[in-house]
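S.K.: Could you fit the two chains together into a complex? Lean on the hints.
Chains as they are written, first to last, in our numbering: chain F, 12 to 150; chain G, 228 to 595.
Mimicking BS3-like on lysine-lysine, the simulated pairs with C-alpha atoms at most 25 Å apart in a straight line are:
1. F:32 / F:18
2. G:294 / G:232
3. G:447 / G:432
4. G:419 / G:465
5. F:135 / G:467
6. G:296 / G:350
7. G:432 / G:457
8. G:498 / F:135
9. G:447 / G:498
10. G:447 / F:135
11. G:560 / G:457
12. F:135 / G:419
13. G:457 / G:467
14. G:296 / G:331
15. F:135 / G:457
16. G:457 / G:514
17. G:465 / F:135
18. G:569 / G:510
Computed, partial: chain G to chain F, Cβ under 8 Å:
19. 381
20. 385
21. 389
22. 390
Covered stretches of chain G (chain F as the covering partner; in silico rule of three or more C-beta atoms under 8 Å from a C-beta of chain F):
23. 370-378
24. 392-399
Calculated directly from the structure, the hints in this document are not laboratory data. Ideal Cβ positions, reconstructed from N, Cα and C, are used throughout, including at glycine.
Listed here are the chains, written in short residue letters.
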Amino acid sequence: MSERHCKPSLLIIDDSAFDLKINHTIARHTKLFRQIFDFASAETALDFLADNIHNNDILPHLILLDIQMPDMDGFEFMEQFVKLPSTFRKKSYVVMLSSTDDLIDINRAESNMHVITLLKKPLKIQELTQLVARFFHNN
Amino acid sequence: MTVIKVLYLDDEENNLNSFKASFRRLYEIYTAGNASMAFDILNQTSVHVIISDQRMPDMTGVEFFKKVKTIHPDPIRILLTGYTDVETLADAINEGDVYRYITKPWNDLELNNSIRNAYEVYKTRVELREKVTELQKTNDELNRFIYSISHELRAPLASALGVISLARLENVYTPHQKGSEYWELIEECCNKLDYNITNTIQYYKNSRYESISETVDFQKLATRLIALHKLANKSGEKIKFDVSIEQNVPFTGDVFRIEVIIGNLISNAIKYQRPEESNKSIKINAKVTPLDAVITVADNGVGILNEHLGKIFSQFFKVRNQKGTGLGLFIVKEALAKINGKISVQSTFGLGTTFTIRIPNHHHNTLQ
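In isolation and in its complexed conformation, chain G is listed as follows (with noise of 0.2 Å):
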């Protein structure tokens, strides 16, 4: 165990020494006449525990407290009174300068204890910030990693589409010709890991980022959405979109969170079409007020069943013998957790799904 090292001010002589007497053989004791040989020892040794008298004659043990406080933070302070000067005191203690006081003449039983607990504060901070150090190591290089591994991951899938969509282009293939379909199997194997990356960086990105508050033109937003869904997905281009905002008033919001949002719930909007619908169409509408933007995307797909409602917000919750990985409407209803966003859906089986999200507007905060 670690010897703790005490120091002692004292002006008086005589205390210093019965001190040493009582405590030698527990602490490694360091005792100053005056506030400068304090600070000598204190520039020279850490120590754990200050203990000070209060009423000297070149300054008082609160002043010296307070001193010592903006340069060695660090050890817990103990002042020793022999008059009860109440004002002074509950200043000191209220403004953190002092951790404990102790009435003179000391009792030696209930010094020690003082002396022991006070090193126990001392011990938790600093563990406390060793941790945090370490946490934010962690953070940063956590943060390094997943940054590397967005790129690492997705570059070669990035280039084994780009030669899938070259071997179109060149004709390396034709449709209805024999083995044709491998090549559209690999290029859905690779869509479908880069969607899972995508999801799973967002989804870490949603719990750590912090909230960026921008303002944000749902019209734009909505255009730039659907144009980036419809080049990833195939299908998308057959299906007739629908927009219709309602923004007068300006928004301010979490541009980042709201774009993933919206984004999932086009994104399934195209994914969970019924292939035998001739008249596919999405709907997306939006109304903004200064409180809040209330947004809808509607489709005529698949539906959802009853049963299933209740747990499509979980966590890898995936339905039988379709695409997906579980992650997107988990992603959606957590983002929305951190945004205090509000999320609702209605959906008839075999005729499609509506989602409703409501966003707390931010604009100025005229409301509170």
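Chain F extracted, bound-state conformation (with noise of 0.2 Å):
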């Protein structure tokens, strides 16, 4: 397999677009990503996951998701992630990432077993390496 190939995708979820800017240019630095894609909402996430369920080319990958948004939170988002098919979510990896303390949040992202971690922002190179590191180079 060509080391092209193996090179995921990087989703990034936040309404900040200020956030959104920066972790697209920390994540380009690394070189680790085929394709990086920025979402300034969650529902605009959802609808292009939903309309790349069968495109092969999008997977597999990571998605970097904010937990405090507008309209739809990170939460909300995975409500609805989970109702996507698993063989799809089989090669989709989430991470939450939010500036938060709170304890409730933080319960609730490490209790989802969708979710593989919540980072705490600001994003930083090494955490981002050592993710795709564990779930994309285990081989």
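M.R.: Take a look at the structure:
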């Protein structure tokens, strides 16, 4: 398998255009991702996923999901996400990203079986590379 | 002043009339000849004090009060009794059905005093309930406020830190270049503010959160906390961590507070290293027994002056020329107090510091 083919895609979901740009640039710097998609809301990200369920080009991928967003927050996104086919979800890894220190949010994120972990903002380059190493380069 | 509303229930018309005659100028009086009339009045008017005769044909006064208590718990109940049925009375008073009893024929002065006292009790109870509701509301608001503050304050700060790391990635500045230290200063300020916010919120949470018991795996906990604080402190990378955990029995305790305690100690151990030391090291030991867990966090850092040892756990105590809010160890102490833990410290100035904490194990509570 070519190295290029191993590289996962990255989806970033964040209502803050500022954070979207920062995290996008940090992720680009790691050179670990085949392509990076930005979404300013959970709804547009869900629409994108629904439209691309049969598109193997976006798999496997990592999703960086902000928690506090207007209209649909990160947890509401997850309620919809679990309805996607399990074959798709198997190659879709969700990491929550938040500036919150709130214990309730942390517990909620950690107890969600479809969320790998919760990272505290700002996104650190080492954390991102470690995640990719753990879930996409294990063979 | 509000007029005191009194309901009097008695099957004897004469008693009702003489009660009215005695108290009509003092109170707003409602009278009822039987229980169902009394309930009609109670359903329409909120009275403060209910007086009932004990001996009535359809039900006794105590029975009436038992029923009233479930539907209208607020009014204070006074029983009038012509004979001394001690046992019924004792039960009624002990179960809280009756606030006071008065023997018949009543003495106007005594009854009047009882009504006044009963009204005071009524007023106090209602006020107390209003206060509790008010406090609950304030509490909820405060919780929401803290939640949003923790987010609103941290979010822009996290973004700023993100930008700084981007600037480094994109080589906007390089070390040794003129002005490069400005970036590092900004980063340091942001980190400091972030630390202060986190600490303040931790302190607040510690004073309010109920204790939640969960099983604790100290090996995992230590590994996670070390990784976290290494990331948060730039100097953390150069320090050798030596972790030795002896846990053969399950441990149950308040994970949130234990994390706060050990996390603060690790953070301090990283922060107060001596810059010139070439073998910076932090040792973390834990020994878990069915009784308790003893954890030590030892560093070979700057150490603490003897005259400072007594003050390190007080709020806002800071050593000159050191960073910090003076909150860290204060939070540790407060959190330990909540979970009945103990802390001790040994330190030699210039050589290092060892903190030892002892936290009770609540697993199964087999020891009771």
